[in-house]
Amino acid sequence: MRFREQLKDAGYRLFLGTVDAAVYEDFHCKTPRKAVWLYKEGSFQCAGCKEQCETDSPRGFQIFLDLK
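Quick note on numbering: this note's numbering labels position 29 of the sequence shown as 35, and the sequence is numbered without any gaps.
One or more of the hints may lead you astray.
Taking lysine-lysine pairs in the DSS-like style, the calculated list, with each CA pair at most 30 angstroms apart, reads [as the list claims (entries may be wrong)]: (1) Lys46 to Lys36; (2) Lys56 to Lys40; (3) Lys14 to Lys46; (4) Lys46 to Lys56; (5) Lys14 to Lys40; (6) Lys36 to Lys14; (7) Lys56 to Lys36; (8) Lys14 to Lys56.
These aren't lab readings, by the way, just hints derived from the structure by calculation.
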């Protein structure tokens, strides 16, 4: 099973908001154009490359009022 499908099965949803460049800098991301972010309450997970970066901080993510 692909990682993205595993995340969706675990309750993650595709994050459609803007992600600030600082997030990619914090992860030393070499390919931010490939980023595919998913989220569930308390966790943002990238499935864009093999690094599978994850953070529990919403800093740098455009937050919407209706996340649930």
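Hint check:
no.	hint	verdict
1	Lys46 to Lys36	holds, 24 angstroms
2	Lys56 to Lys40	holds, 11 angstroms
3	Lys14 to Lys46	holds, 9 angstroms
4	Lys46 to Lys56	holds, 20 angstroms
5	Lys14 to Lys40	holds, 18 angstroms
6	Lys36 to Lys14	holds, 25 angstroms
7	Lys56 to Lys36	holds, 12 angstroms
8	Lys14 to Lys56	holds, 17 angstroms
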